[in-house]
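In case you want the letters, here they are:
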Amino acid sequence: MLRFLLERFGLMILMLAGLSVIVFITIELPPGDFADRQAYRMKSTGVRVTEEDIVRMRQQMGLDRPWPQRYITWIGNIVLYGNFGMSMSQHLPVTQVIGDRIGFTALLALTALAFTYLLAIPIGIFSAVRQYSIGDYFFTFLGYIGMATPSFLLALVLLYFSVMVLGNNVGGLFSPQYADAPWSLEKGLDLMNHLWIPAIVLALAGTAFEIRTMRATMLDEKNKLYVTAARARGMPENKLLMKYPVRVALNPIASTSGWNLTAIIAGAPLVAFVLALPDTGPIYLNSLLDQDIYLSGAMLLFYAALTILGTFLSDILLAVLDPRVRAGGQG
Amino acid sequence: MTQTPLLEIKDLHISFPLDEGTVQAVAGVNLTIYPGQVMGVVGESGCGKSVTAQSLLRIIPPPGRIDAGQILFRPSKLFKDTKGDGVVDLAAFKSNDETLRRIRGNEIAMIFQEPMNSFSPVHTIGNQLMEAILLHQKMTEKEARARGAELLRLVGISNADARMDNYPYQFSGGMRQRAMIAIALSCTPSLLVADEPTTALDVTIQAQILDLLRRLQQQFGMAIMFITHNLGVIAQIADHVAIMYLGQVVEQGPVREILRNPKHPYTMDLLRAVPRLGKTAGKRLVAIEGGIPSPFNRPTGCPFHPRCSKVIPGVCNTHIPQLVQLDETHSVRCVLYEPKVPQPNPEPTDVRTAPAVA
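These protein sequence lines map, in sequence, to chains A and B.
With our numbering applied, the first sequence closes on residue 331, and no number is skipped along the way.
With our numbering applied, the second sequence closes on residue 689, and no number is skipped along the way.
Note that these hints are calculated values from the structure, not bench results.
Quantities reported herein were computed from a predicted structural model and do not represent experimental measurements.
Among the hints, a few may not be true.
To be verified - No more than 27 Å apart at the CA atoms, straight line, and that leaves these computed lysine-lysine pairs for DSS-like: (1) B:K469 to A:K239; (2) B:K408 to B:K341; (3) B:K469 to A:K243.
Start from the sequences, fold in the hints, and give me the full structure.
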């Protein structure tokens, strides 16, 4: 087990290193750079900008050096000093721009993840045990709708529902009276009251998918010989179900939980944008548009790192669940 | 026989309603097993022998259902306290009945054809063995573990204490079947149902498992219902044998009697199809004509008549043969042995050869 963990951990570090290169190349890919964007913006407000001005801006920001050199400086600062560079558009350190908001992004992702599993696992079990019952058809129908609905559309629908029916205020994570108030129980409750919409929106597709996975594996497992064998030795039906088919059916759920986190994180910026959430989403989109490379790079790296961390955690979970994985595929 | 039967299956009918039609898997099986007896049940694939075995524990896979008949069983432990003269009809229980659950594994235990799939891959052998013990016996976990290891030693698994913590993938097929036998014996049942327990194993392991079963049967004195399609295996282990064809027992009796003096044409054909050292060398084995008919379209009359070498046209395809008791223990279901032979029907109504009616 320890060897397995060390192996996976080493692999994770390697992947992170490789990923940081890819992230850097990706944000370098679009034509032009922040200097071009800045010049364009100044021109459109009537300021005269010459070629020399642009070149000078480039030099000031260090954008004239070749990318491998800039990559080394960038990643070196991150690894050695935890310094993610300066946001060019906001003239602030990147850590300061993202800092407050990254907690909300993480909270949102975790809430969505919790929603996914708390709903999907019991519903999946129910659907499999009562296959072809009305309940099964109901959840199947709901599941297909869930998979087919674009998340931004659902966000708008739920927003409408929340405002018109429940009387909450529009968007954001806090009601106006709590927005700048210090943390208190009421503020926490208010946060929860706002958090459920984005959490549901983000969780929906994953939940629908995991219900299908859970149901399908349960249906496969519950008629397997080892289940019949346990029934034949006098195991009561409910205990039987929980100990054997459910346990085995959790494996595919555990092994895909990393992907699920990825999907949630990838969907988060768009949903945050629609719902005007003060998390990292809107900043991320703007930083990409502005070609504010250190800001967008830091965020892309953060999202990617979360994904890899998620995969690492799901690997550990799977190893805990399945002895054959612990043994490293021997035997 | 004056002994009280342990198990009496009476006129059992089991069918599987499927989209394509209803399959009559068991069509009137009668079978009696006495305490301590090893009853071999033989037949080709699809003759209903496994379904009959599964019906004893009521673990027939869906949508199979018992339509008629009784499965009378005399539990040895269940009514010890209440002093009742306990005969229960297993066929009458709901499949989730509490009494039935207490019979499963405790009074009647079962081992299966595929030892590779009989264990959960994510639980240890010891866990599943202790589960069987703790379900029916009052013991602490520690005692159950000691008992489990003792059972593993009994079935010939060395280093049993350490083996308790192994997962199924660390066991070979033969060892898994041994462990399965250990689970089956854990509550010293009075009847062990063995559904082709050696079919999936290679020949040397087969012999070891058969030896083990025979030895344990003598040691524990339990009855075994041993299901197989292999007459050679039957000769090694069984006292009595029942030959099944298309959901019916067509002949039964003591194993020596059946092997030496078969009466039913199907039994005779089966015996001719068995290769024998020396006798059949260099000759072609005799195969039984044709194949098992489609389960959706049972032949009329005697189900074996389309393949039978002694078929009497006009009789076998219309007359359902009655069970004939040849002597105290040997019975056969064939018109050749019926005392009053029915007259041939002038107009045979064989549904398979008759032209389709528009």
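Hint consistency between K408 (chain B) and K341 (chain B) [alpha-carbon to alpha-carbon, up to 27 Å]: Holds, at about 23 Å.
Given pair status - K239 (chain A), K469 (chain B), alpha carbons within 27 Å: With Cα atoms ~18 Å apart, K469 (chain B) and K239 (chain A) stay inside 27 Å; holds.
Hinted pair K469 (chain B) and K243 (chain A), Cα distance within 27 Å: holds (21 Å)
In summary, this structure violates none of the numbered hints.
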